[in-house]
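Colleague: In case you want the letters, here they are:
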Amino acid sequence: MIGIIDYGSGNIQAIRNIYRGLKIETFIVKGPQDVPLATKLVLPGVGAFDEAIGKLDQSGLRSALDNAVLQNKVPVMGICVGMQIMADSSEEGTLKGLGWIPGSVKCFDINQMNTVPKLPHMGWNDISFSEHRIFDGIDKNIGFYFLHSYFFYADKKKDVIATSCYQNEFDCAINNENIFGFQFHPEKSHANGIRLFKNFSDILQC
Amino acid sequence: MLRSRVIPCLLLQNKGLVKTVNFKDPKYVGDPINAVKIFNEKGVDELIFLDIDASSTDTEPDYALIEKIANECRMPLCYGGGIKSVEQAQKIIKLGAEKVAISSIVFDCSEIIDEMAAVIGRQSVVVVIDIKKNLFGKYEIYTHNGKKKIKQGLDKTLSILEEIGIGELVINSIDCDGEMKGYDTNLADRVRDLVSCPLTILGGASSQENILNLIERYKVIGAAVGSLFVFKGIYKAVLINYLDNNYRDKIFKIAGERKN
Chain R
1 MIGIIDYGSG NIQAIRNIYR GLKIETFIVK GPQDVPLATK LVLPGVGAFD EAIGKLDQSG
61 LRSALDNAVL QNKVPVMGIC VGMQIMADSS EEGTLKGLGW IPGSVKCFDI NQMNTVPKLP
121 HMGWNDISFS EHRIFDGIDK NIGFYFLHSY FFYADKKKDV IATSCYQNEF DCAINNENIF
181 GFQFHPEKSH ANGIRLFKNF SDILQC
Chain H
1 MLRSRVIPCL LLQNKGLVKT VNFKDPKYVG DPINAVKIFN EKGVDELIFL DIDASSTDTE
61 PDYALIEKIA NECRMPLCYG GGIKSVEQAQ KIIKLGAEKV AISSIVFDCS EIIDEMAAVI
121 GRQSVVVVID IKKNLFGKYE IYTHNGKKKI KQGLDKTLSI LEEIGIGELV INSIDCDGEM
181 KGYDTNLADR VRDLVSCPLT ILGGASSQEN ILNLIERYKV IGAAVGSLFV FKGIYKAVLI
241 NYLDNNYRDK IFKIAGERKN
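Protein sequences appear in the order of chains R and H.
In terms of my numbering, the first sequence has 12 at position 12, counting the first letter as 1, and numbering is strictly consecutive.
In terms of my numbering, the second sequence has 67 at position 67, counting the first letter as 1, and numbering is strictly consecutive.
Hint data in this document are derived by calculation from the structure and do not stem from the laboratory.
Each hint should be verified, as a subset may be incorrect.
[What the hints assert, rightly or not] So the derived list for chain H, only partly shown, Cβ under 8 angstroms to chain R, looks like this:
hint	residue
1	Met1
2	Leu2
3	Ala118
4	Arg122
5	Ser124
6	Arg192
7	Leu194
[Unchecked claim] Between beta-carbon pairs, the in silico distance windows are:
hint	chain 1	residue 1	chain 2	residue 2	range
8	H	Gly137	R	Ile24	55 to 63 angstroms
9	H	Thr185	R	His132	20 to 28 angstroms
10	R	Lys157	H	Glu60	47 to 55 angstroms
11	H	Asp114	R	Gln112	24 to 32 angstroms
12	H	Ala237	R	Pro102	54 to 62 angstroms
13	R	Gln167	H	Glu216	28 to 36 angstroms
14	R	Asp155	H	Ala118	23 to 31 angstroms
15	H	Arg190	R	Glu25	50 to 58 angstroms
16	H	Gly137	R	Gln58	48 to 56 angstroms
17	H	Asn186	R	Met1	50 to 58 angstroms
18	H	Val119	R	Gln167	22 to 30 angstroms
19	R	Gly21	H	Ile160	42 to 50 angstroms
[Said to hold, decoys possible] Below, simulated DSSO-like cross-link-like pairs (lysine-lysine); rule was C-alpha separation at most 30 angstroms, straight line:
hint	chain 1	residue 1	chain 2	residue 2
20	H	Lys84	R	Lys40
21	H	Lys24	H	Lys42
22	H	Lys91	R	Lys106
Just so you know, even glycine gets a beta-carbon here, dropped at the ideal spot from N, CA and C.
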């Protein structure tokens, strides 16, 4: 069953509702004892980097998640700040990230922006993606809803499976083996979002 | 390319949806959950809900209703009305809203913006400013559902907000509210020049063409819409509606033609 991680950050109910609509069972992962029950994990997140990673540490889930994701290769999908905390570090905070995919979280450079609005990057934007079954049936022109000022900068470009453009191109989806991260909000992106959650649930092995 | 957002703005009063004219005469237009379901089907860009009584009657946000709305919403949700503390903002985000809109508290204590930003993220802190022209044509700020005039001028307020940094600014014209005679672009021009954050204009949308014109003028803007998306026809029969595909395509094209 898909476990949605509840560490006090992110929109858990919206994700559950989408899976309910797809008739796919989910449960809420509240403590370390719940983690081994999950065949897949969704890691949501909103707010600031330190706030999110701090809450994850307080929840006592971190080592159980490290074990599931890194050792047992359980497929995991990070959303927004849930994706960003998969990096090593962030310009937004001082705490260390999960370090699951090599990279750092950077702020968009407003000095390079000569039009308004500048920050945050808010609204619907199209994306470009390479061939990957996680994007089956996704309309890249409609794209997804974004709401952020910081983005994941992957050290290895082979880990980048989609980019979007806000002033400059930036990495908006990453993947390495069983680990997926999406900067946009699929839980708030209508048909494309629903399809992405469906595709994630269809992945058998990585 | 980032596209402009066309955002139905729904007003709440006593758990029901209402629509006002110049912030007065609220007319009942239906059930909020039902409206969200229809807007889900229409695939709208985003939704704004504003509780018009919460601040003026000094009541807590209706968390049970917010939770129901957020659970139903398959598009981003901004909620405003009666929010005065970081804890309230945090609770609303936890219930599933993406953004929290504040207004009157900003004029009592602008420090709250930074405090909220530290917890819910700066991108989720939205400031709504209600504006009315005085007899001499000067724009003045009001709070508490248009009942309380704020002494601080518009330009000064905007420079303070620009300095602090907010997620989004919603400019709501009291004079245009419910009139359906077009957006106040003079006001929008003035505000756009003074802030760099995402800007959403509310009040006056008269037609889909009017929305398109606003988007053509600013290239990337939030066009919030009240009456036009809840009423139909000259007799203002209640009918929840949204942009048709023709206009959606035109808005798509504006983003496509834009150069960085």
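Colleague: Each hint needs a verdict: does it hold in this structure or not?
Modeller: Quick rundown of the hints versus the structure:
no.	hint	verdict
1	Met1	holds, 7 angstroms
2	Leu2	holds, 5 angstroms
3	Ala118	holds, 6 angstroms
4	Arg122	holds, 7 angstroms
5	Ser124	holds, 7 angstroms
6	Arg192	holds, 7 angstroms
7	Leu194	violated, 10 angstroms
8	H:Gly137 x R:Ile24: 55 to 63 angstroms	holds, 58 angstroms
9	H:Thr185 x R:His132: 20 to 28 angstroms	violated, 44 angstroms
10	R:Lys157 x H:Glu60: 47 to 55 angstroms	holds, 49 angstroms
11	H:Asp114 x R:Gln112: 24 to 32 angstroms	holds, 25 angstroms
12	H:Ala237 x R:Pro102: 54 to 62 angstroms	holds, 58 angstroms
13	R:Gln167 x H:Glu216: 28 to 36 angstroms	violated, 21 angstroms
14	R:Asp155 x H:Ala118: 23 to 31 angstroms	holds, 28 angstroms
15	H:Arg190 x R:Glu25: 50 to 58 angstroms	holds, 53 angstroms
16	H:Gly137 x R:Gln58: 48 to 56 angstroms	holds, 54 angstroms
17	H:Asn186 x R:Met1: 50 to 58 angstroms	holds, 56 angstroms
18	H:Val119 x R:Gln167: 22 to 30 angstroms	holds, 28 angstroms
19	R:Gly21 x H:Ile160: 42 to 50 angstroms	holds, 44 angstroms
20	H:Lys84 x R:Lys40	violated, 39 angstroms
21	H:Lys24 x H:Lys42	holds, 29 angstroms
22	H:Lys91 x R:Lys106	holds, 28 angstroms
Of the hints listed earlier, those the structure fails to meet are numbers 7, 9, 13 and 20, in rising order.
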